[in-house]
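Since the structure of chain A is provided, determine the placement of chain B on it from the hints.
From first to last, the protein sequence lines stand for chains A and B. Residues 1 to 305, numbered by the working numbering, are exactly what the first sequence covers, in order. Residues 1 to 305, numbered by the working numbering, are exactly what the second sequence covers, in order.
There may be inaccurate statements among the hints.
Identical copies carry no separate label here, and so any pair may be met within one copy or between two of them.
[Said to hold, decoys possible] For lysine-lysine, the following BS3-like pairs were computed, each having C-alpha atoms within a straight-line distance of at most 27 angstroms:
1. Lys-276 with Lys-51
2. Lys-104 with Lys-123
3. Lys-205 with Lys-162
4. Lys-162 with Lys-190
5. Lys-159 with Lys-96
6. Lys-159 with Lys-190
7. Lys-2 with Lys-162
8. Lys-85 with Lys-154
9. Lys-154 with Lys-123
The hints are simulated quantities; they were obtained by calculation from the structure and are not laboratory data. No experiment lies behind these values; they were computed from the predicted model shown.
2 protein chains.
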Amino acid sequence: MKFEVTILGSSSATPIFNRNPSAQALNINDHLYLVDCGEGTQLQMLRFDIKASRIDHIFISHLHGDHYLGLVGLLSSMHLNGRSKALRLFGPPELKEIIDLQLKYSDTTLQYAVDFIPTHTDKAEVILENQDITVETIPLDHRIACTGFLFREKRRLRKIIKEKIAELDIPVDYYSAIKKGADYVSSDGKFYKNSEITIAPEEPKAYAYCSDTLYNENYFAQISNADLLYHESTFLNNMLERAQSTYHTTALQAGDIALKTQAKKLLIGHFSARYKTLNELLDEARSVFPDTELAIEGKTFIVGD
Amino acid sequence: MKFEVTILGSSSATPIFNRNPSAQALNINDHLYLVDCGEGTQLQMLRFDIKASRIDHIFISHLHGDHYLGLVGLLSSMHLNGRSKALRLFGPPELKEIIDLQLKYSDTTLQYAVDFIPTHTDKAEVILENQDITVETIPLDHRIACTGFLFREKRRLRKIIKEKIAELDIPVDYYSAIKKGADYVSSDGKFYKNSEITIAPEEPKAYAYCSDTLYNENYFAQISNADLLYHESTFLNNMLERAQSTYHTTALQAGDIALKTQAKKLLIGHFSARYKTLNELLDEARSVFPDTELAIEGKTFIVGD
Numbered sequence: 001m002k003f004e005v006t007i008l009g010s011s012s013a014t015p016i017f018n019r020n021p022s023a024q025a026l027n028i029n030d031h032l033y034l035v036d037c038g039e040g041t042q043l044q045m046l047r048f049d050i051k052a053s054r055i056d057h058i059f060i061s062h063l064h065g066d067h068y069l070g071l072v073g074l075l076s077s078m079h080l081n082g083r084s085k086a087l088r089l090f091g092p093p094e095l096k097e098i099i100d101l102q103l104k105y106s107d108t109t110l111q112y113a114v115d116f117i118p119t120h121t122d123k124a125e126v127i128l129e130n131q132d133i134t135v136e137t138i139p140l141d142h143r144i145a146c147t148g149f150l151f152r153e154k155r156r157l158r159k160i161i162k163e164k165i166a167e168l169d170i171p172v173d174y175y176s177a178i179k180k181g182a183d184y185v186s187s188d189g190k191f192y193k194n195s196e197i198t199i200a201p202e203e204p205k206a207y208a209y210c211s212d213t214l215y216n217e218n219y220f221a222q223i224s225n226a227d228l229l230y231h232e233s234t235f236l237n238n239m240l241e242r243a244q245s246t247y248h249t250t251a252l253q254a255g256d257i258a259l260k261t262q263a264k265k266l267l268i269g270h271f272s273a274r275y276k277t278l279n280e281l282l283d284e285a286r287s288v289f290p291d292t293e294l295a296i297e298g299k300t301f302i303v304g305d
Numbered sequence: 001m002k003f004e005v006t007i008l009g010s011s012s013a014t015p016i017f018n019r020n021p022s023a024q025a026l027n028i029n030d031h032l033y034l035v036d037c038g039e040g041t042q043l044q045m046l047r048f049d050i051k052a053s054r055i056d057h058i059f060i061s062h063l064h065g066d067h068y069l070g071l072v073g074l075l076s077s078m079h080l081n082g083r084s085k086a087l088r089l090f091g092p093p094e095l096k097e098i099i100d101l102q103l104k105y106s107d108t109t110l111q112y113a114v115d116f117i118p119t120h121t122d123k124a125e126v127i128l129e130n131q132d133i134t135v136e137t138i139p140l141d142h143r144i145a146c147t148g149f150l151f152r153e154k155r156r157l158r159k160i161i162k163e164k165i166a167e168l169d170i171p172v173d174y175y176s177a178i179k180k181g182a183d184y185v186s187s188d189g190k191f192y193k194n195s196e197i198t199i200a201p202e203e204p205k206a207y208a209y210c211s212d213t214l215y216n217e218n219y220f221a222q223i224s225n226a227d228l229l230y231h232e233s234t235f236l237n238n239m240l241e242r243a244q245s246t247y248h249t250t251a252l253q254a255g256d257i258a259l260k261t262q263a264k265k266l267l268i269g270h271f272s273a274r275y276k277t278l279n280e281l282l283d284e285a286r287s288v289f290p291d292t293e294l295a296i297e298g299k300t301f302i303v304g305d
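For reference, chain A alone in the conformation it holds in the complex:
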């Protein structure tokens, strides 16, 4: 199953030339999920050929402008481009008030439904479950209410080995039970253990999106063993004090979190505009956790790769 993350923006707070505020497009089994939507996200989508019409779910972590100011523009464009199918929007409760106010004053009634699902920071919650994935909120520790999002693939059924179907003449009616783990007794009474006639599906993959947050162990257990951990790394560790006072994380801390939570791979982003080049941030995170990559606009990362 396809499970990819494309970076649309990786800047924190103020944008800099060629670095947009936070936004990521997830492609999971050819369905698109948008995570955060900083100003200019719809322009980044045009640039990287991410079709807005294919997005049915948008997740907003919190109400700092660099994470949501592109949302009303995107919703408007979907409307103007003739969208009719419903959109699910997840975010802090106050987000709805902000959208409604702006639609009201522009005298716009969207011609598609927006199902708004408020997120909360008191505890982790499963906010979406469909045939492919579950999505949980990750309560983070920021200056205002903020949640990350944990995308987990569902465990797939076992696959029946094609040759065995023909060889043992397994009736179609049995497929469903066998895929779920049942053994098989053939019409001539022979017993086959499930493991002889099926192969295990791939292990479900998980992607954890953590932005913005203070280093805080409270969410470590929840994100443990992520195949890909995106963690904000706003500052270098020589600015630890500044990171703490603004409820952010340093690249060194991000590496430490990846190590402690046994992430398979770390992706760092949400870079302060003071860093014109990003090598130092990458080197610092890699000094603790070597398998680290930079969230660069337009780059796609395969979860579990």
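Using the frame of chain A, we list chain B on its own:
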């Protein structure tokens, strides 16, 4: 006196690749004025090296997202970048409510003052007057309340001819009166007409910004004789009906307006996303008013050139 318009965005409604929503930066005597602020304007400013710190006045025509969704991001960045001097913001009364709500939920108190001056559409009003210019609202005819803005240079004083000062030994105390038009009687009793000892200043220039509007003669008298008329041209005239139902203007109509109001030069913009190339729009406007240019991102136009 410098009087220039740099285009930051020229797209209507939905952006297209490489065409941003409405925004223009005016440089008048080395002071910057921002007119409209569609999504991504602060990124365009970074791209074209327009310093946000030099902007002290922002004018928002109306509350359709393509004209103001970049504003809160820009205000936030000014705050984060340490601005302390006051900013004057002109726009529809409801704009303040939109900004205040978003600042509230991001728990942000701007560290500089925003003096908000509401605009109205019942009649034209002078909303700004300083040493260089006056700015008037232009009540337009759009689906929601919308004003254009008319920037007029102030008439400069006459200039005393340098050689005459020495030749006639004009005392410094007389300069002010002579610059305002007074004649001069020298110490030996000789009479000099003002026109003999001064030269006329350049005629004051005017820039009219008209977006978005239905073709409506009500504002023609006010914008007459503009040195540069920016007029929206959302559609080609073969979509006149669509232009009318959405309260917009066609390129042919924009040319006609420039002709009727005796503009010196016409600048067309606010192009529908359906036009990937703009030649047809330009040709259509030029068929009526030859001195027409396209509002292209990054291009600077000198008012009165």
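Against the structure, the hints:
For the identical chains of this complex, Lys-276 and Lys-51 are inter-copy neighbours only, at 18 angstroms across copies versus 30 angstroms inside a copy, given an alpha-carbon limit of 27 angstroms. Taking the shortest Cα distances, Lys-104 and Lys-123 sit within 27 angstroms of each other only across copies (24 angstroms), while inside one copy they are farther apart (33 angstroms). In this assembly of identical chains, Lys-205 and Lys-162 lie within 27 angstroms of each other by CA distance solely inside one copy; the values are 25 angstroms within and 81 angstroms between copies. When the C-alpha separation of Lys-162 and Lys-190 is checked against a cutoff of 27 angstroms, the pair qualifies only within one copy, where the shortest distance is 19 angstroms, while the shortest distance between copies is 116 angstroms.
Within a single copy, Lys-159 and Lys-96 get their C-alpha atoms no closer than 43 angstroms, and across copies no closer than 59 angstroms, so neither meets the 27 angstroms cut-off. Taking CA atoms no more than 27 angstroms apart as the test, Lys-159 paired with Lys-190 passes inside one copy only; the shortest distance there is 21 angstroms, against 112 angstroms between copies. Taking the shortest Cα distances, Lys-2 and Lys-162 sit within 27 angstroms of each other inside one copy (23 angstroms), while across copies they are farther apart (78 angstroms). For the homomeric pair Lys-85 and Lys-154, the shortest alpha-carbon distance inside one copy (25 angstroms) is at most 27 angstroms, but the shortest distance between copies (54 angstroms) is not.
Proximity of Lys-154 and Lys-123 under a CA criterion of 27 angstroms is satisfied intra-copy only: 22 angstroms inside one chain copy versus 62 angstroms between copies.
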